[in-house]
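Asker: Put together the whole structure using the sequences plus the hints.
2 protein chains.
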Amino acid sequence: MPSEEAPTRPRGRARRDGRHRVRAMHPAATPFITRAIPPYEMLDDEQLVQVETHADRILQEVGMEIRGDETALRLWEAAGAEIEGASKVRVPIGLARQIVKRSAPSEFIQHARNPARSVRIGGNATVFAPAYGSPFVSDAESGRRYGTMEDFRNFVKLAYMSPWLHHSGGTICEPTDLPVNKRHLDMLHAHMTLSDKPFMGSVTTAARAADSIEMCRLLFGAAYVDKHCVILGNVNVNSPLVLDGEASRVIRTYAAANQAPVCVPFILGGAMGPVTTAGGLAQCFAEALFCIALAQLERPGSPAILGNFLSSMSLKRGAPTFGTPEPPLAYFAIGQLARRLGVPLRCGGNLCASKLPDAQAAYESASSLWPAFMAGANFVLHAAGWLEGGLVMSYEKFVMDAEQCGAFHVIARGLILDDNGFAMDAFQEVGPGSHFLGSAHTMRNYETAFFDFELSDNNSFEQWSQEGARDIVWRANQKWKAQLEAYQPPSLDEARNESLIAYIAERKASMPDMNY
Amino acid sequence: MPSEEAPTRPRGRARRDGRHRVRAMHPAATPFITRAIPPYEMLDDEQLVQVETHADRILQEVGMEIRGDETALRLWEAAGAEIEGASKVRVPIGLARQIVKRSAPSEFIQHARNPARSVRIGGNATVFAPAYGSPFVSDAESGRRYGTMEDFRNFVKLAYMSPWLHHSGGTICEPTDLPVNKRHLDMLHAHMTLSDKPFMGSVTTAARAADSIEMCRLLFGAAYVDKHCVILGNVNVNSPLVLDGEASRVIRTYAAANQAPVCVPFILGGAMGPVTTAGGLAQCFAEALFCIALAQLERPGSPAILGNFLSSMSLKRGAPTFGTPEPPLAYFAIGQLARRLGVPLRCGGNLCASKLPDAQAAYESASSLWPAFMAGANFVLHAAGWLEGGLVMSYEKFVMDAEQCGAFHVIARGLILDDNGFAMDAFQEVGPGSHFLGSAHTMRNYETAFFDFELSDNNSFEQWSQEGARDIVWRANQKWKAQLEAYQPPSLDEARNESLIAYIAERKASMPDMNY
Numbered sequence: 021m022p023s024e025e026a027p028t029r030p031r032g033r034a035r036r037d038g039r040h041r042v043r044a045m046h047p048a049a050t051p052f053i054t055r056a057i058p059p060y061e062m063l064d065d066e067q068l069v070q071v072e073t074h075a076d077r078i079l080q081e082v083g084m085e086i087r088g089d090e091t092a093l094r095l096w097e098a099a100g101a102e103i104e105g106a107s108k109v110r111v112p113i114g115l116a117r118q119i120v121k122r123s124a125p126s127e128f129i130q131h132a133r134n135p136a137r138s139v140r141i142g143g144n145a146t147v148f149a150p151a152y153g154s155p156f157v158s159d160a161e162s163g164r165r166y167g168t169m170e171d172f173r174n175f176v177k178l179a180y181m182s183p184w185l186h187h188s189g190g191t192i193c194e195p196t197d198l199p200v201n202k203r204h205l206d207m208l209h210a211h212m213t214l215s216d217k218p219f220m221g222s223v224t225t226a227a228r229a230a231d232s233i234e235m236c237r238l239l240f241g242a243a244y245v246d247k248h249c250v251i252l253g254n255v256n257v258n259s260p261l262v263l264d265g266e267a268s269r270v271i272r273t274y275a276a277a278n279q280a281p282v283c284v285p286f287i288l289g290g291a292m293g294p295v296t297t298a299g300g301l302a303q304c305f306a307e308a309l310f311c312i313a314l315a316q317l318e319r320p321g322s323p324a325i326l327g328n329f330l331s332s333m334s335l336k337r338g339a340p341t342f343g344t345p346e347p348p349l350a351y352f353a354i355g356q357l358a359r360r361l362g363v364p365l366r367c368g369g370n371l372c373a374s375k376l377p378d379a380q381a382a383y384e385s386a387s388s389l390w391p392a393f394m395a396g397a398n399f400v401l402h403a404a405g406w407l408e409g410g411l412v413m414s415y416e417k418f419v420m421d422a423e424q425c426g427a428f429h430v431i432a433r434g435l436i437l438d439d440n441g442f443a444m445d446a447f448q449e450v451g452p453g454s455h456f457l458g459s460a461h462t463m464r465n466y467e468t469a470f471f472d473f474e475l476s477d478n479n480s481f482e483q484w485s486q487e488g489a490r491d492i493v494w495r496a497n498q499k500w501k502a503q504l505e506a507y508q509p510p511s512l513d514e515a516r517n518e519s520l521i522a523y524i525a526e527r528k529a530s531m532p533d534m535n536y
Numbered sequence: 021m022p023s024e025e026a027p028t029r030p031r032g033r034a035r036r037d038g039r040h041r042v043r044a045m046h047p048a049a050t051p052f053i054t055r056a057i058p059p060y061e062m063l064d065d066e067q068l069v070q071v072e073t074h075a076d077r078i079l080q081e082v083g084m085e086i087r088g089d090e091t092a093l094r095l096w097e098a099a100g101a102e103i104e105g106a107s108k109v110r111v112p113i114g115l116a117r118q119i120v121k122r123s124a125p126s127e128f129i130q131h132a133r134n135p136a137r138s139v140r141i142g143g144n145a146t147v148f149a150p151a152y153g154s155p156f157v158s159d160a161e162s163g164r165r166y167g168t169m170e171d172f173r174n175f176v177k178l179a180y181m182s183p184w185l186h187h188s189g190g191t192i193c194e195p196t197d198l199p200v201n202k203r204h205l206d207m208l209h210a211h212m213t214l215s216d217k218p219f220m221g222s223v224t225t226a227a228r229a230a231d232s233i234e235m236c237r238l239l240f241g242a243a244y245v246d247k248h249c250v251i252l253g254n255v256n257v258n259s260p261l262v263l264d265g266e267a268s269r270v271i272r273t274y275a276a277a278n279q280a281p282v283c284v285p286f287i288l289g290g291a292m293g294p295v296t297t298a299g300g301l302a303q304c305f306a307e308a309l310f311c312i313a314l315a316q317l318e319r320p321g322s323p324a325i326l327g328n329f330l331s332s333m334s335l336k337r338g339a340p341t342f343g344t345p346e347p348p349l350a351y352f353a354i355g356q357l358a359r360r361l362g363v364p365l366r367c368g369g370n371l372c373a374s375k376l377p378d379a380q381a382a383y384e385s386a387s388s389l390w391p392a393f394m395a396g397a398n399f400v401l402h403a404a405g406w407l408e409g410g411l412v413m414s415y416e417k418f419v420m421d422a423e424q425c426g427a428f429h430v431i432a433r434g435l436i437l438d439d440n441g442f443a444m445d446a447f448q449e450v451g452p453g454s455h456f457l458g459s460a461h462t463m464r465n466y467e468t469a470f471f472d473f474e475l476s477d478n479n480s481f482e483q484w485s486q487e488g489a490r491d492i493v494w495r496a497n498q499k500w501k502a503q504l505e506a507y508q509p510p511s512l513d514e515a516r517n518e519s520l521i522a523y524i525a526e527r528k529a530s531m532p533d534m535n536y
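Top line first, the protein sequences correspond to chains A and B. Quick note: the first sequence, position 104, residue 124 per our numbering, numbers continuous. Quick note: the second sequence, position 502, residue 522 per our numbering, numbers continuous.
The set of hints was computed from the structure by calculation and includes no laboratory data. There could be a bad hint or two in this list.
If chains are identical, the list can't say which one is meant, so a pair holds when it fits in one copy or spans any two.
[Unchecked claim] Using 20 Å as the maximum straight-line C-alpha spacing, the simulated EDC-like pairs for lysine to aspartate or glutamate come out as follows:
1. K202 to E234
2. K336 to E482
3. K336 to E467
4. K108 to D445
5. K108 to E90
6. K501 to E161
7. K121 to D65
In this text the structure is predicted, and so the values were computed from the model without any measurement.
Answerer: Right under this line is the structure:
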C-alpha cells in the first residue's frame with residue numbers, strides 16, 4: 021500500500037470560511053460501522069433449512085443457464101455439476117453451498133488508497149455506498165436531466181466529504197456525455213483522484229472490468245493488487261436463472277484478479293421471479309450462491325459478496341415499487357442465510373419510487389434502510405441519492421440520505437451500559453422534580469450525547485416561519501452547494517496519476533467511440 | 021357486550037360512488053396486528069438485569085415523590101415502601117417488580133362496542149392508535165390553526181375509516197373552542213358515536229377520568245365495565261421521579277374501575293432525564309414500574325400498560341428532536357424489559373419534529389415506527405397525524421402515516437414458507453430466462469401478493485408529469501377529503517345514545533365553563 025497519502029487538510033478558500041465548518045465537513049474518523057448490536061433473527065434454523073433446500077432444488081431441478089461462456093461451463097462440470105445442452109447447469113443438491121463454504125472468506129478488507137479509509141466487508145461491519153447506475157440526475161433548481169461527467173465528479177466529491185458514506189461507489193450516475201465504451205476510464209479516474217475512499221469498477225464487459233483492475237494496478241501496484249482486494253464489481257444476474265456470458269466473464273475477471281464481485285440477482289416479483297416472497301427469496305439465494313460458487317471455482321479464496329435486489333410491483337400499474345413490506349422480510353431472511361453460508365451480504369439502501377425527494381421518497385427509503393441495517397447488511401449500495409426507482413440521482417436526496425446513514429452509526433454502537441451511561445450521580449444530584457440541564461453529568465456529556473440531524477429543522481414554528489418556512493429540500497440544496505464550494509481534493513502521488521492518465525489516453529486511442 | 025351493533029354497511033351517497041371504492045375505504049377485517057415474527061432482542065439477560073438493577077436503585081436510593089395523594093402514599097407504605105416526609109416514597113430493591121409480576125396481566129382485551137373491533141393488548145399483538153394531544157391542526161390548504169371540535173370529529177371519522185388504525189385514540193386533537201373542564205364529555209361522545217373502535221378517556225383530572233368511565237358504563241353497562249376493560253387513560257409522569265396527586269388519582273381511578281392506565285414517563289434527555297440513553301432508560305422503566313405497581317396496589321389484577329416517551333434534544337437549539345438514533349435503542353431495550361416484567365408495552369409511533377409533512381417528517385416518523393414495531397410494541401400511540409413534536413395534528417400526515425401502518429400488517433405476517441410461497445411449480449413452468457407475468461402461480465396469487473401504497477406514485481416520469489407532477493401531500497389532501505365525503509357512522513342503539521346525551525347535559529349544567 022502506498023504510504024505517501026497524507027490525511028486531507030483544509031486549505032485555500034475553505035480555510036478562510038472558518039476552521040470549524042471545514043472540520044465538520046470532512047469525513048469522520050471511523051471508516052466503516054462496526055455493529056455492537058446483534059442482527060435481527062427472524063427465522064429459526066428449521067425455516068432457514070427450508071429456504072436452503074428450496075434454493076438447492078431450484079439449482080438442481082430447474083438449473084441455471086450460462087449463455088456464452090464455455091470456460092464457466094467447464095468449471096462447473098469439473099466441480100460435479102451436470103451440463104445439459106449448450107448452457108444449462110444442473111447443480112447437485114448442496115454442491116454450490118459446499119464450494120462456497122470451502123473457500124469464500126466470510127469477511128475481507130477492501131483497501132483504499134488512503135489506508136485510514138479501508139473498509140471491512142463482512143462480519144459485524146457495515147459499509148454505506150452511494151446509489152449506482154442512474155441515467156438521470158436532478159436538483160431542486162434545474163430539475164431532471166441526463167447525467168454528465170461533471171455530475172459524476174460532483175457526486176464523487178460529495179461522497180468523499182460525507183462522514184457517513186464509507187465508499188465512493190461505482191457508476192454513481194451515468195456520464196451520458198461520454199461514449200459508452202470509454203466512460204468507465206473517466207469514472208475510475210474520478211474515483212481514484214477526487215476521493216481516497218474505496219470504489220467499484222466497470223462490469224458492462226469483461227474488457228472494461230479488466231481495464232478497471234489494470235488501473236488499480238497502476239494506482240496500488242500490481243503485486244499489491246494480487247494479494248489485496250482494492251475494487252468491487254457489481255454484477256447483476258439476468259434473473260430468472262440466467263447468467264449471460266459477459267456477466268459470467270466479468271465475475272471470473274474480478275475473481276481471477278483476487279477482487280470481489282458483488283453477485284446480485286435482480287428480481288421484480290411477478291416479472292423476474294414469483295410474486296410470493298418465499299419463492300423470490302429462494303431464487304435470489306440460489307442465483308447469488310451460483311455466482312459466488314463460480315467465483316470460487318475461478319479462484320478459490322477470492323472475496324465475493326452475496327447481493328440481493330428484490331422489489332415488489334404495483335399490480336395496478338405494473339411498475340416496480342419500493343419501501344413496501346415484502347423486501348424487508350426477504351432482507352431479514354437473506355441476512356441469516358448469508359451468515360450461515362459465511363459470506364458478506366449486500367442489501368439495497370435508501371430505495372424509493374418517488375419522483376421527488378418528498379415524504380413518499382423518505383418513507384420508502386427509511387423502510388428500505390431500516391430493514392437492511394437490522395438484517396445485518398455488510399455492504400449497503402444505493403445508500404444515498406436514489407430516486408425514481410434508480411432512474412435518477414438527486415443532489416438533495418444524496419445529502420438527506422447521507423445524514424440518515426449517520427444516525428445508524430449511533431444505533432450500531434448500542435446502549436452504553438457503564439456508570440456514566442446509567443448516570444446514577446445525576447439522579448443523586450438532581451432528585452425528583454428538578455431538571456438535568458445544568459447537572460455535572462449533563463455538562464460532562466452534552467457535547468457528544470445526541471445525534472443532531474443538520475438538515476432537520478427543530479426550531480419553533482415562529483422562528484421557522486420567520487426564516488422562510490422552508491422544507492428539508494431547500495436546506496439540502498443549500499448544503500450540497502456549500503459542500504462542493506468547500507471541496508478540496510485529497511493529495512495523490514503525481515507519478516501515479518500520470519501513469520493513470522497515460523493508460524486512459526492509450527485505451528481511448530485504441531478504439532473508436534461507441535455507444536454500447 | 022351489547023350485541024345490536026351490526027357491521028358497518030355502505031349506504032346513502034357512498035353507495036352511489038361505487039361499491040368498490042366504499043368497500044376499500046372501510047376498516048379491514050383484522051381488528052389488530054398479530055405478530056408472527058419475533059421481536060428484536062438487542063440485550064442479553066445480564067444486560068437486562070443491569071438495567072433492572074439501576075431502575076431499582078433509582079426507586080430506592082433517590083425515590084419517587086407522590087405530591088398530594090395521601091391514599092397512594094398509604095398504599096405504598098402498606099406494601100412495604102418507606103415514606104419519607106410528605107411525599108417521598110423509597111421502594112425497597114425488587115419490590116415494585118414483585119408487585120407487578122404478582123398480579124398485572126401480561127395481556128388483556130380492550131373491548132369495543134362493536135365486538136369485531138375489540139383489540140388484544142400485549143403478547144404478540146400490536147395496536148395502532150392516532151396521535152394524541154395537539155393544540156393545533158393543519159391541512160395543506162388552510163395551514164396551521166387551533167384545533168376545534170369539528171377537527172376532532174373529522175379525525176375520529178378518519179381513524180374509523182382507516183383499515184390500518186385499530187383504535188380511535190383519545191385527545192386526537194384539542195377542541196380548543198370548548199371549555200377545558202367540559203370538552204372531555206364531547207370528545208368521549210364523539211369516540212362513542214362516530215366510531216365503533218376502542219378509545220381512551222380523560223386524564224386531566226380524576227373527576228374527568230371518572231366521567232369517562234361513567235360514560236362507558238352507560239354505553240356498555242355497569243356490570244360489563246367492572247369485568248372488562250373498555251377504556252384506556254394515558255397518564256404522564258412528571259418526570260423526573262414525581263407523580264403529582266392528580267395523576268396519581270387518575271391512575272387509581274382507572275385501576276379501581278378495572279380499566280387500564282397507560283403509564284408514561286415523559287423524558288426529554290438532558291431536561292427531565294440524563295443525557296445518556298442508559299440513564300433515561302433506567303429512569304423510564306423505574307417511573308413506569310412505579311405507576312403500574314400503584315395501579316396493582318389499588319386493584320390487583322387490573323390491566324395496565326407500560327409506556328415510554330423518550331426523546332433526544334438538539335443541544336444546539338435546546339429543542340426536542342425526533343427520529344434520532346437514541347430513542348430506538350431505548351425502545352429495543354424497554355421492549356425486552358416489558359416482556360420480562362410481563363406487561364404490555366406502549367411506544368410512540370410516527371413521531372417527528374418537522375413543521376411540514378415533508379421528507380424530514382417522513383424520515384423521522386419511519387425512524388420511530390420501525391424501531392417501535394421491531395421492539396414488539398403492543399400499543400402504538402401517535403401512529404398517525406403527528407407533526408411538529410406533537411403540537412400539530414396534520415390531516416395529510418394522518419392518511420400518509422396510516423398507510424405506513426398498513427405495511428406493518430404484512431411485515432407482521434412474516435414469510436409464508438409453504439408450497440405456494442416457495443412457488444416451485446412456477447419455476448418449473450417458467451424456467452430460466454423467461455418471465456413470471458402470466459404463470460399459473462402468478463395468476464393464482466397476484467391479487468393479494470403485494471402491499472400497494474395508495475398514496476405512492478409509481479407511474480413513469482412522463483405520466484406523473486402529465487398528471488401535474490404532484491407530491492404525496494397533494495394526493496394525501498385528496499384522500500382525506502374524499503374519505504370525509506364518504507363517511508357513514510356506525511349504527512348505535514338510540515336509547516344508549518340518549519342516556520349519554522343526558523349525562524353530558526347534566527354534567528355540563530353542574531359547573532361553570534372553565535379554561536383549566
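Asker: All the hints need checking, so say for each whether the structure fits it.
Answerer: Evaluation of the provided hints:
no. : hint         : verdict
1   : K202 to E234 : within (14 Å within a copy, 79 Å between copies)
2   : K336 to E482 : between (43 Å within a copy, 17 Å between copies)
3   : K336 to E467 : between (50 Å within a copy, 9 Å between copies)
4   : K108 to D445 : between (69 Å within a copy, 19 Å between copies)
5   : K108 to E90  : within (11 Å within a copy, 82 Å between copies)
6   : K501 to E161 : within (11 Å within a copy, 32 Å between copies)
7   : K121 to D65  : within (18 Å within a copy, 32 Å between copies)
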